Amino acid sequence: MGSPKPTTDSEQNGSVLQETGRVMESLPAYGNHHILRIHAPEIAAAIQPGQFLHIYCNGPAERISDRTTDPAPEPSGLERLQRKPLLRRPISVFRRDPAEGEISILFRQAGLGTEALAVYGAGDNVDMLGPLGRGFDTKGDAPALLIAGGIGIAPLTALAAELLGQGRQVTVLAGMRDAASFPLLLDNSSTILGCKAGIALMCEMGAISAIASEAGEPGTHPGLVTGLLKMFLEQDGAEDYEAFICGPGIMMSRVSAMLIEAGLPGQALLEERMGCGIGACMACVCRTRTEGDETEYSRVCVDGPVFDIREVVW
Amino acid sequence: MSGGVRMNVEVAGVNLKNPVLIASGVCGYGLDFRRLADYRPEAVGGLVLKGTTLKPREGNPPIRIVETAGGVLNSIGLQNMGVDALIRDVLPQPVGSGTAVILNIAGHNVEEYAEVAQRCAAAGGFNALEVNISCPNVAKGGMAFGTDPCMAAEVVSAVASAVNGRFPVIAKLSPAAGDIAAVGLACVEAGADALSLINTVPGMAIDARRRRPVLANVVGGLSGPAIKPIALLRVRQVFLALKRAGKDIPLIGMGGIVTAEDALEFILAGATAVQIGTATFYDPLIGARVAEGLEEMLLDNYRCSGRETDLDISHYVGALED
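Just so you know, the sequences run in chain order P and U.
First residue of the first sequence? That's 1 in my numbering, and the numbers climb one at a time after it.
First residue of the second sequence? That's 1 in my numbering, and the numbers climb one at a time after it.
Honestly, the hints are just simulated from the structure, not real lab data.
Owing to the predicted nature of the structure, the values given are computational and were not obtained by experimental measurement.
Every residue gets a Cβ at the ideal spot worked out from N, C-alpha and C, and that includes glycine.
One thing to keep in mind: the hints can contain errors.
Distance windows between CB atoms, simulated [said to hold, decoys possible]:
| id | chain 1 | residue 1 | chain 2 | residue 2 | range |
| --- | --- | --- | --- | --- | --- |
| 1 | U | 322 | P | 14 | 53 to 59 Å |
| 2 | U | 320 | P | 25 | 39 to 45 Å |
| 3 | P | 308 | U | 319 | 42 to 48 Å |
| 4 | P | 137 | U | 320 | 54 to 60 Å |
| 5 | U | 4 | P | 290 | 51 to 57 Å |
| 6 | P | 250 | U | 37 | 35 to 41 Å |
Partial selection, computed: residues in chain P whose CB lies under 8 Å from chain U [claimed, not checked]:
| id | residue |
| --- | --- |
| 7 | 15 |
| 8 | 233 |
| 9 | 280 |
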């Protein structure tokens, strides 16, 4: 049994900001997915792909234009929490634009917190902690293979932008249930792995993409993303790639096993229910390997959320 | 302190600059919060560190936390580094940065509690020891010690003799005790210098679609505003029982405190100090805000009444009119 890592890296001290962002745009995406574009210059300047925000989704405050008194009375205690989420919700950065001081998040409405978050509109304030966690290590120079399951495409979009900016070649394999439940637009320009359908945003950014769909949408690979990955790994030169994955636990577990067998290096972004988000409460753990054959629980919020695929006990 | 407000209180010989402490379990070992750019530990009265056992514990499997109506259910399972690492790696660091540091200890049996207490007391570098006889999330020990007055007394007595007067001993009581006042009195007779209450309330959450408990450990401890009325009643019961028994022992109240008004309610019920836990999850700087809010409430009271005593927080302790 390993002993949990207790202390913080001193280089992270003071790095987490509590910033009140201003929603610039609120866009329903496909299905029950939603995009918020938020002006938060301090966090936008610092956040890296794979890092996340811890958002207090208590619903937008009364809009200034609706107010009859100024300032609005502060709701207190139970009134403030009643039927509203109490815990913050960890959400990865989807796109970032430090020059404009903006970040975007793309999320699936899956419960009280994310449903409240989807109600925010332009002009609303949103209370965020960030940047949090260890993001993707982008120091390598190998061509990148990004593998997404469902909403896992959100943090991988920020990563794709970063890697393309560095001049790295990016290939994206995405799995989805059907086109209607996929958060991003599809295009028909892709021709890799026998797929005509790719992701429009990835195409715009200069990445190559292919999609697997369980519903067998036209132009996609019918089935799971692991099917696409199998085809990819059979290609010459596949072993030169570095992989980055994000998706449901079972998908990441299978994808990691395939990547490890094929000998590719890889990083995975994990998700877990969180309390504090800053390493104190030990709620959001995953099992990882230590030196030797031992394993321990690591904190997803500060030791991750990005882990080496060989470090995680899947 | 500003405008003549007296916020400092004394709990079991420890002078706290204000009565607002951060509860065990939400502030780790006091070091993680330093990641926050605006962190000011000196704005609160003290930090209670993560419950520590003799050997390191890896804790329960995930899922460990789930939000429920007005509260949070957790089952961490006392994941901690063990007392030796605490002494070696944490206590030499500036954990409190000018605020009181209270260690929280737990064990599987009486001997383990005593051993942990002995090692901590020998090492020093903290202000008081809180004995967790009320954790609902470990299979053996934990809460069992806190529901039975005799067992509680046995643990507290062993810890008190191990510490041997070098540090104050605080017993943390469980709301799961049938008669919490009896457990509290037993702890005091066994040598507790203060009592803190309440720990989380045992509960469970169910995922109806999967027909499974949400938490891997099935049982968790409920905290947050949902438990505040339970906690207030327990504080009041223990306060009155101690008073009847002629015991002048301070209480540290907790359970769902979110605002300064919540904190003052606990103080009126009989708590000399309070702890904030769950609320730090949505506002990591809430301790400072509650402390400042309390100060403002005292000033407001003074402005209305003109009574000097309204400026002194210790005059509110147990001052509930009933």
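Hints, one by one, checked against the model:
Our hint of 53 to 59 Å for residue 322/U and residue 14/P is violated, since their Cβ atoms are close to 47 Å apart. In this structure, residue 320/U and residue 25/P break the distance hint of 39 to 45 Å, their C-beta atoms being roughly 51 Å apart. For residue 308/P and residue 319/U, the hinted distance range of 42 to 48 Å is not satisfied, since their beta carbons lie about 58 Å from each other. Between residue 137/P and residue 320/U the C-beta distance comes to about 57 Å, which sits within the given range of 54 to 60 Å.
At about 55 Å, the CB distance of residue 4/U to residue 290/P agrees with the hint of 51 to 57 Å. One distance hint, 35 to 41 Å for the beta-carbon pair residue 250/P and residue 37/U, holds here, with the actual separation near 37 Å. Checking residue 15/P against chain U: minimum C-beta separation of about 6 Å stays under 8 Å; hint holds. The restraint placing residue 233/P at the interface with chain U is violated, with a minimum CB-CB distance near 30 Å, outside the 8 Å limit.
A cut of 8 Å between beta carbons decides the hint on residue 280/P: the least distance to chain U is about 4 Å, and the hint holds.
Violated hints, in rising order: 1, 2, 3 and 8; the structure is consistent with all others.
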